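Participant: Residue numbers (the working numbering), protein chains in the order written: chain A, 1 to 281; chain B, 1001 to 1090.
Hints listed in this document are in silico derivations from the structure and should not be mistaken for laboratory results. All figures in this text were calculated on a predicted structure; none of them were measured in a lab. Just to be clear, a hint being listed does not mean it is correct.
Unchecked claim - Computed Cβ-Cβ distance ranges for the label pairs, DEER-style:
{"no.": "1", "chain 1": "A", "residue 1": "240", "chain 2": "B", "residue 2": "1027", "range": "16 to 22 angstroms"}
{"no.": "2", "chain 1": "A", "residue 1": "219", "chain 2": "B", "residue 2": "1062", "range": "22 to 28 angstroms"}
{"no.": "3", "chain 1": "A", "residue 1": "218", "chain 2": "B", "residue 2": "1036", "range": "18 to 24 angstroms"}
Claimed, not checked - On the chain B side, residues computed to face chain A include the following (Cβ under 10 angstroms):
{"no.": "4", "residue": "1017"}
{"no.": "5", "residue": "1018"}
{"no.": "6", "residue": "1020"}
{"no.": "7", "residue": "1029"}
{"no.": "8", "residue": "1030"}
Quick reminder that beta carbons are idealized off the backbone N, C-alpha and C, glycines included.
Listed here are the chains, written in short residue letters.
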Amino acid sequence: MSSLRFRGAGARVNLVGLDRSLADVVDLVRDVGHGILLPEQSGGGAHERAPDTVVRIRQLPDGVHLIDGELLPATPDEAAASVLGAVDRALLGASRCLSVHAAVVAGAGGAAIAPGVSGTGKTTLAAAAMQHGLRLVSDEAACVDPHDDVLHPYPRPLGLSRRSRDLLGLPTPLSGPVDEERATAPSLLGRTVPTDQLVRPTVLVLAQREPAPFTGSVTEGSTGEGLSALLANCLNTGLGGPWTPEEAWARLAELVRSLSVVRLRYSTPKDGAELLGSLLG
Amino acid sequence: MSEVVGRQSETVREMALGDELSLFDSATGRAVALNSTARDVWALADGQTSVVEVIDTLARAYGVPPEDIADDVRRTLDLLAEAGVIVPTA
Chain A
1 MSSLRFRGAG ARVNLVGLDR SLADVVDLVR DVGHGILLPE QSGGGAHERA
51 PDTVVRIRQL PDGVHLIDGE LLPATPDEAA ASVLGAVDRA LLGASRCLSV
101 HAAVVAGAGG AAIAPGVSGT GKTTLAAAAM QHGLRLVSDE AACVDPHDDV
151 LHPYPRPLGL SRRSRDLLGL PTPLSGPVDE ERATAPSLLG RTVPTDQLVR
201 PTVLVLAQRE PAPFTGSVTE GSTGEGLSAL LANCLNTGLG GPWTPEEAWA
251 RLAELVRSLS VVRLRYSTPK DGAELLGSLL G
Chain B
1001 MSEVVGRQSE TVREMALGDE LSLFDSATGR AVALNSTARD VWALADGQTS
1051 VVEVIDTLAR AYGVPPEDIA DDVRRTLDLL AEAGVIVPTA
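Input sequences plus hints: build the corresponding full structure.
Facilitator: Structure representation (structure tokens):
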């Protein structure tokens, strides 16, 4: 039995119960998940912080595995996708940050937060920004520290559809976890911010896709609209969440006061990435 | 009798963001952003003043004829009502 340790969103998760029959799955998880994967434990001294959550894989007598009580798929690709999904839920669930559904990328001049619901192109924009030289903080969540106006990086594997991969000029992978979207190692696209390095955001981006032949524009945005967008995309507020919506509103108001708010309109992810690059130096 | 504006909902909290105002409605968990003009309309939504009086008050404050802003004021009142942050007077 071995374990893998992950860090992201200011939380730590140990994945335990990886027996030899899951070696292929572990290799795939290592391949695409190394942005959030911690190095192998070196002795496990007393200084080592305990994980916030443990995700267990259990093997049943008939040889099948369960993760989070769900059957682990038999094929390594699909099993790795399930494992990464469970780690994703565990990290965000354990995080004490205020998590906002957003793409976050960083440059020399700070970091940009682009909030948005699923399907609005956040991940593809983040991927294009990486190809443009910006560093990935997260394609999924801006994890706002409870007290300081900084973000905890969460550079998990990027879920890219075939269409997104085509737009980004990525080759079809020969192997790797598959889901409805294929998990893609951030290292294939560029650099990530280490998960132990806090990031100071400088820009809140209200991004909007436009049909071609429009290329792109950046205009001043409304601070109030920015706050509304952040609040509408909170991931861990309300029932069972660590933040009430009102607490989140107050915390995000503090954050948004420290940011410049821009409205970014773009047609292709490459156009959007270039504009983000100009905003972040 | 002239139409009366709605009143500010008791479930709403407000926070100034420069010239703008953010309204948080605990009934919906959502925030609504008001620019400086909408903020002025919001401030007059007391559930007692008539819509015409609101238009006249703001026209005097801005130094413009009432007809120049009447549509905008009515539209803003509609938007505030749709967002649920002002409610009809009982």
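Participant: Each hint should be assessed against the structure and marked as holding or not.
Facilitator: Each hint, compared with the structure:
no., hint, verdict
1, A:240 <-> B:1027: 16 to 22 angstroms, "19 angstroms, holds"
2, A:219 <-> B:1062: 22 to 28 angstroms, "25 angstroms, holds"
3, A:218 <-> B:1036: 18 to 24 angstroms, "23 angstroms, holds"
4, 1017, "5 angstroms, holds"
5, 1018, "6 angstroms, holds"
6, 1020, "4 angstroms, holds"
7, 1029, "4 angstroms, holds"
8, 1030, "7 angstroms, holds"
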